[in-house]
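There are 2 protein chains.
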Amino acid sequence: MNKTVILKSRPLGMLSETNFEVVERPIPEPAAGELLVKNYFASLDPGVRKLLGEPEGYMVPTALGEVLRTNTVGRVLQSRHPDYADGDLVVGTGFLQEVSAFAPGPMTWKIDPKSRIALQSNLGILGAIGLTAYFGLLSVGQPKSGETVLVSGAAGAVGSAVGQIAKIKGCRVVGIAGGAEKTRRLIEEFRFDGAIDYKGKSAEQLTAAIREQCPQGVDVYFENVGGIQLDAALACMNWGGRIPVCGLISEYNRSVPPQPMLNLFNIVAKILRVDGFLSFTYKEEFPAALRELETWVLSGKLVYREHVENGIEAAAATFVTLFTGENRGKTIVKLAEPD
Amino acid sequence: MNKTVILKSRPLGMLSETNFEVVERPIPEPAAGELLVKNYFASLDPGVRKLLGEPEGYMVPTALGEVLRTNTVGRVLQSRHPDYADGDLVVGTGFLQEVSAFAPGPMTWKIDPKSRIALQSNLGILGAIGLTAYFGLLSVGQPKSGETVLVSGAAGAVGSAVGQIAKIKGCRVVGIAGGAEKTRRLIEEFRFDGAIDYKGKSAEQLTAAIREQCPQGVDVYFENVGGIQLDAALACMNWGGRIPVCGLISEYNRSVPPQPMLNLFNIVAKILRVDGFLSFTYKEEFPAALRELETWVLSGKLVYREHVENGIEAAAATFVTLFTGENRGKTIVKLAEPD
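Each protein sequence line maps, in turn, to chains A and B.
Position in the first sequence (from 1) plus 13 gives the number in my numbering.
Position in the second sequence (from 1) plus 13 gives the number in my numbering.
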């Protein structure tokens, strides 16, 4: 049998562990064009939250009783797709279960078994996390050497990678995170130039802190959070600034009421670009980007944290921590020992 | 002497006629590189409101006692610039006064004296208004034939031109305006496919009205207004939609408190572009754009309204009407009879 995490009930507001259940399902039969994969690692992403509510946005929501979709790393047990062979190591958008059948999509690719990078990192810095940071910052944000880049959610997996890539590109980098430990980590571990603790700060205090840390103004604001962090950043943008909008995590659970936005006018006054993006728009450039990310990782220029929980039974409780600020870098569940 | 409109006091909230004064100033001496111009027409633009408050955005604010800057049409009395001759008809960023000296900038050009279009229209459909509609819609909005384009401030000078250009490009066009007369005009005079009266509508009612008029969703939302109109439009955007942000007139006077924005998450979920723009970014393309606009005007595909007030003494009272919904198309003050 095949342990599988299903959606048991739709979250109302804040997600709860009780919205999920681990059940036994039969091993699926791969259809023509599909892969049957034994999953070693599964990624837990805040964006999946949006799949659990009503239909909206770019993905079809998960039905009640249905297995959760997620990115996984595993080995092909049986390939019914011409580009993949039995035994290949793959990253793919599969399911939160021990064995999955799925058709390779834009976020599926083979992993080089000789890579010196840990297998689960293909779900993080060498996977969706690294690619999101890379293309969001470089393609939408277009930072130039000497510019100032501000990052929200900066201690998170994407945010910490964005800041380091911006440093590699010669920018001054300031991060916003919650609490003394995370802001200390921005400076000491991820080598940001400045760090701002948003906790306990009003919009005005946050704006003042950004102005202090970004004396030349903000050229690129990489947005993971939204709410008053977005409004405060809008107040500090330079003329022609770019705001790649990766996520608005403060709005996923509606745990805070939507805030009046005081500084949207700067979109006109400063001629800003405020652009959502999807990394798979850049699918053709993935191989080159992954090579560059691997080079930076191996040279020590790009460091990252992963938080790996053991066992599919831990998945639901771990998922909830993504929204309570407890997580420490990219969060992954280990489903089986790689063989 | 030289009648001149100066800023007498900074507006607090809603603009008032008493913020301005007509005074006599000496005829200026043009410096090297400048033109001395007798002004026939001066443009009154809502965007000038932002010059009257504290420094922010892309322009230096007007000091107290200083003449108001504006776009003018006039004749060169004395050229000290190699590209212009005495007697040339010009559009330029001059001042709200009878005779001005200014250096030609990106929004200065010569007018063909043989054009069949009225001289003052070089401040409107063949000037900043037409260019703003043209480049905002086509360069940022990139509408494709068959797509749905929604326009706020649709009965205004820019909005009505945007809608008609979108029709020329084969789009379904829906406009939002205030009141029965303006919405009737959208359909009958500017040939929009649908019109929505925002007056008296809550954000939910506005969203429902947009959904009804745009059954295929909105691909391009051309934004002049902001506030709940922006929030309602965000709720209705299609995947990959574009929002050229031309103005946020509801926020200029802060007459309405900033609204909580409920639908910003769609920037991520629908991968939207929300981009400010400045038409002078496209300066190199102005001559071709002006030719195309003139062709559309002469063929009757692009109609427009102008409201011309007589005399510099009327300027202040007329300026205030831009913010009270009374205006009827592009608002211009006639300063002298063309000679």
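There may be inaccurate statements among the hints.
Since the list can't tell identical chains apart, any single copy or any two copies may satisfy a pair.
[Stated by the list, open to error] With a Cα cut of at most 25 Å, we get these calculated PhoX-like pairs of lysine-lysine:
(1) K296 <-> K157
(2) K296 <-> K283
(3) K283 <-> K314
(4) K283 <-> K51
(5) K123 <-> K21
Hints were generated in silico from the structure; no laboratory data involved.
Hint check results:
1. K296 <-> K157: both (23 Å within a copy, 24 Å between copies)
2. K296 <-> K283: For K296 and K283, the Cα distance is within 25 Å only across copies (18 Å; inside one copy 31 Å).
3. K283 <-> K314: neither (33 Å within a copy, 33 Å between copies)
4. K283 <-> K51: Cα proximity of K283 and K51: none, with 51 Å in one copy and 32 Å across.
5. K123 <-> K21: Neither way: K123 and K21 sit 32 Å apart in one copy and 70 Å across, limit 25 Å.
Of the numbered hints stated above, those contradicted by the structure are hints 3, 4, 5, listed in ascending order.
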